[in-house]
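Visitor: Okay, here's what each chain looks like letter by letter:
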Amino acid sequence: MSQQNNSIVKIKELAVGYGSKTVAQNINFELEHGVLCGIVGVNGIGKSTLLRTLAGFQPKLSGIIEVKNKSLDKHSPSELAQNLSVVLTEQPASKNLTVQELIALGRQPYTNWIGTLTSADKEHIQKSLDAFLLQELRFNKCHELSDGQLQRVLIARAMAQDTPLILLDEPTTHLDLYHKVQILKLLQQLAHQNQKTILFTTHEIDLAIQLCNKILILDGDNNPFGDPCELIEQKHFERLFPSEMVQFDAKTGSFKVNK
Amino acid sequence: MHTPKSYRFSFVLIMVALLLAWLLNISSGSVSIPFGATLSSLWGKPVEVASWQYIIYDYRIPKAFTAILVGGGLSLSGLMMQTLFRNPLAGPFVLGISSGASLGAALLLMGASLATGLTSIAFLSDISLAIAASIGSFLVLLVVMLVAQRIKDTMALLIIGLMFGSITSALVSVLAYFSSAESLQRFIFWSFGSVGDLSSEQVLLLGGIVALGTLLGILSIKALNAFLLGENYALSLGVSLKKSRLLIIIATGLLAGGVTAFAGPIAFVGLAVPHLTRQIFDTMEHRILIPAVFLYGAILMLLCDTLAQLPNTANVLPINAITSLVGAPVVIWLLVRKRKMMF
Chain A
1 MSQQNNSIVK IKELAVGYGS KTVAQNINFE LEHGVLCGIV GVNGIGKSTL
51 LRTLAGFQPK LSGIIEVKNK SLDKHSPSEL AQNLSVVLTE QPASKNLTVQ
101 ELIALGRQPY TNWIGTLTSA DKEHIQKSLD AFLLQELRFN KCHELSDGQL
151 QRVLIARAMA QDTPLILLDE PTTHLDLYHK VQILKLLQQL AHQNQKTILF
201 TTHEIDLAIQ LCNKILILDG DNNPFGDPCE LIEQKHFERL FPSEMVQFDA
251 KTGSFKVNK
Chain B
1 MHTPKSYRFS FVLIMVALLL AWLLNISSGS VSIPFGATLS SLWGKPVEVA
51 SWQYIIYDYR IPKAFTAILV GGGLSLSGLM MQTLFRNPLA GPFVLGISSG
101 ASLGAALLLM GASLATGLTS IAFLSDISLA IAASIGSFLV LLVVMLVAQR
151 IKDTMALLII GLMFGSITSA LVSVLAYFSS AESLQRFIFW SFGSVGDLSS
201 EQVLLLGGIV ALGTLLGILS IKALNAFLLG ENYALSLGVS LKKSRLLIII
251 ATGLLAGGVT AFAGPIAFVG LAVPHLTRQI FDTMEHRILI PAVFLYGAIL
301 MLLCDTLAQL PNTANVLPIN AITSLVGAPV VIWLLVRKRK MMF
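Sequence order for the protein chains is A and B.
Start counting the first sequence at 1; every next residue gets the next number (my numbering).
Start counting the second sequence at 1; every next residue gets the next number (my numbering).
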């Protein structure tokens, strides 16, 4: 019973897609408190579709999605907003918002009808600013930020929403290696120190292997899920890409180009 | 490095400016009334010339309040449209609301004379014109709303609104081609726009419509702020997309439709004022922007109307021309100065 209470998100026999077109199916996994989990797979395999379905932006085709032991579609919109936050690939519609204003919007599920911030809300905003090293930038407009800074702001907003589950769609695209690692380290910190369950899609397989507690590989077949080391031992990464171009090196946990 | 500002001082400033613009508007007009006499008349003291009292209370004060309601209402609807459609160039014209009102007015003024074969339309009162324009704008709004239920993409909705505008203005042209010179003239005068000639009852009615639209806007503040992130983010923050969009569209329809019905189609105020307001109130928070934009729009409209009056002459310029002359260069200036207009 105690194990069941720890479950933040539980996926069983899930199929996702659009209308009659199934993009990915046979997806099974379960995540508990404080787990950092990466979703990897080739382009077009359904990573973003899966994430959009988990966020409730589009209906699932079949299967079970449970957030905190309750079916996703049974959650009311406001209840869901207190359990699940998102960081999307799309840019915020208005970049005229200041960093602090944007992060403050994360508190909306908790504020009154006109959006007044209580001292508890302000504390959450301050913690998010600190955690993502944004104290200096708090009054800057979003259009003045670099890609890496903006990504930190968007994740800080999700942190301010204070939900047990955070979903991120490719949080490291368009960033250089240093900032990719920075973002992923901050996510790891958020997962372990604040006991958040974080699920993100990524193409940085070698970084994911080093930093994630769990990895879900979407391969269009049985979609293996588990500890990175287990998955390496079971040789799942070898089958990720057609082997004539790149090859997985199990010793270093990274891909090598075939010369 | 920006520092956060308290906007209390700016609000005091803008309120004082509104009062001054209101006094300026009331003290100028076709009949020259000394400023002192205007003030003492407002204070309730008797003035030298009896007709002055009448002019101030029965003409100029209703006109000044109409200007406040028209400017504030149009600006507020422009602000909400820009946020809802995530488009800095959105305004009351975009949803086709103003053209819907034009179609209603055109059908009444020109269609009625065509249908009955009467050249005289003296039996048509101003109130029936307002009703026809309201019906026209709400019919267009209703269709746009029905489309909005089916289409998720707001950009598509924006283009559909523009198409409705084109269709209605084409119908107006057809009507104009076949109608008599006299009814065409009446329609042209309506389309010039005017904040005068409203009775106190009409001003009250317009006030009620604008108050209702503003109230709905205030109720949508949280949703409007969430929409600044985009619709998917708003959804993830627990905002009910359909309900909020409907509420905001009804609010903008009431504001823009009501104002256009009584004052004619007035250009650029809805588009330009939100951008002008952000020059002073540099924030995206709708709790601050809604009152600020309303006040700014009211001031601008009072000043435009004062200009249109051509002090001490009997001539009144079309207010639509004045707002365009003021508004269009402002939009160009903003575009050139900031290169990319943001909302």
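Wrong hints could be hidden among the right ones.
Heads up, simulated DSSO-like pairs for lysine-lysine below, C-alpha to C-alpha not over 30 Å straight-line [said to hold, decoys possible]: (1) A:K95 x B:K243; (2) A:K60 x B:K242; (3) A:K12 x A:K256; (4) B:K242 x A:K74; (5) A:K180 x A:K256; (6) A:K10 x A:K74; (7) A:K74 x A:K21; (8) A:K68 x A:K256; (9) A:K12 x A:K70; (10) A:K12 x A:K68; (11) A:K185 x A:K256; (12) A:K70 x B:K243; (13) B:K243 x A:K68; (14) A:K70 x A:K141; (15) A:K180 x A:K95; (16) A:K21 x A:K60; (17) B:K242 x A:K95; (18) A:K70 x A:K60; (19) B:K243 x A:K74; (20) A:K21 x B:K242; (21) A:K60 x B:K45; (22) A:K127 x A:K60; (23) A:K235 x A:K251; (24) B:K45 x A:K68; (25) A:K74 x A:K95; (26) A:K10 x A:K180; (27) B:K45 x A:K70; (28) A:K10 x B:K45; (29) A:K127 x A:K95; (30) A:K95 x A:K70; (31) A:K60 x A:K122; (32) A:K10 x A:K21; (33) A:K180 x A:K127; (34) A:K21 x A:K95; (35) B:K243 x A:K122; (36) A:K68 x A:K141; (37) A:K95 x A:K10; (38) A:K127 x A:K141.
Keep in mind the hints are simulated off the structure, nothing from the lab.
Visitor: Could you run down the list of hints and mark each one as holding or not?
Guide: Structure-based check of each hint:
no.: 1; hint: A:K95 x B:K243; verdict: holds (25 Å)
no.: 2; hint: A:K60 x B:K242; verdict: holds (20 Å)
no.: 3; hint: A:K12 x A:K256; verdict: violated (34 Å)
no.: 4; hint: B:K242 x A:K74; verdict: holds (19 Å)
no.: 5; hint: A:K180 x A:K256; verdict: holds (20 Å)
no.: 6; hint: A:K10 x A:K74; verdict: holds (14 Å)
no.: 7; hint: A:K74 x A:K21; verdict: holds (24 Å)
no.: 8; hint: A:K68 x A:K256; verdict: violated (40 Å)
no.: 9; hint: A:K12 x A:K70; verdict: holds (13 Å)
no.: 10; hint: A:K12 x A:K68; verdict: holds (14 Å)
no.: 11; hint: A:K185 x A:K256; verdict: holds (24 Å)
no.: 12; hint: A:K70 x B:K243; verdict: holds (25 Å)
no.: 13; hint: B:K243 x A:K68; verdict: holds (27 Å)
no.: 14; hint: A:K70 x A:K141; verdict: violated (39 Å)
no.: 15; hint: A:K180 x A:K95; verdict: holds (22 Å)
no.: 16; hint: A:K21 x A:K60; verdict: holds (12 Å)
no.: 17; hint: B:K242 x A:K95; verdict: holds (24 Å)
no.: 18; hint: A:K70 x A:K60; verdict: holds (15 Å)
no.: 19; hint: B:K243 x A:K74; verdict: holds (19 Å)
no.: 20; hint: A:K21 x B:K242; verdict: holds (26 Å)
no.: 21; hint: A:K60 x B:K45; verdict: violated (74 Å)
no.: 22; hint: A:K127 x A:K60; verdict: violated (35 Å)
no.: 23; hint: A:K235 x A:K251; verdict: holds (12 Å)
no.: 24; hint: B:K45 x A:K68; verdict: violated (72 Å)
no.: 25; hint: A:K74 x A:K95; verdict: violated (34 Å)
no.: 26; hint: A:K10 x A:K180; verdict: holds (28 Å)
no.: 27; hint: B:K45 x A:K70; verdict: violated (72 Å)
no.: 28; hint: A:K10 x B:K45; verdict: violated (78 Å)
no.: 29; hint: A:K127 x A:K95; verdict: holds (22 Å)
no.: 30; hint: A:K95 x A:K70; verdict: violated (36 Å)
no.: 31; hint: A:K60 x A:K122; verdict: violated (36 Å)
no.: 32; hint: A:K10 x A:K21; verdict: holds (23 Å)
no.: 33; hint: A:K180 x A:K127; verdict: holds (22 Å)
no.: 34; hint: A:K21 x A:K95; verdict: violated (35 Å)
no.: 35; hint: B:K243 x A:K122; verdict: holds (28 Å)
no.: 36; hint: A:K68 x A:K141; verdict: violated (36 Å)
no.: 37; hint: A:K95 x A:K10; verdict: violated (35 Å)
no.: 38; hint: A:K127 x A:K141; verdict: holds (19 Å)
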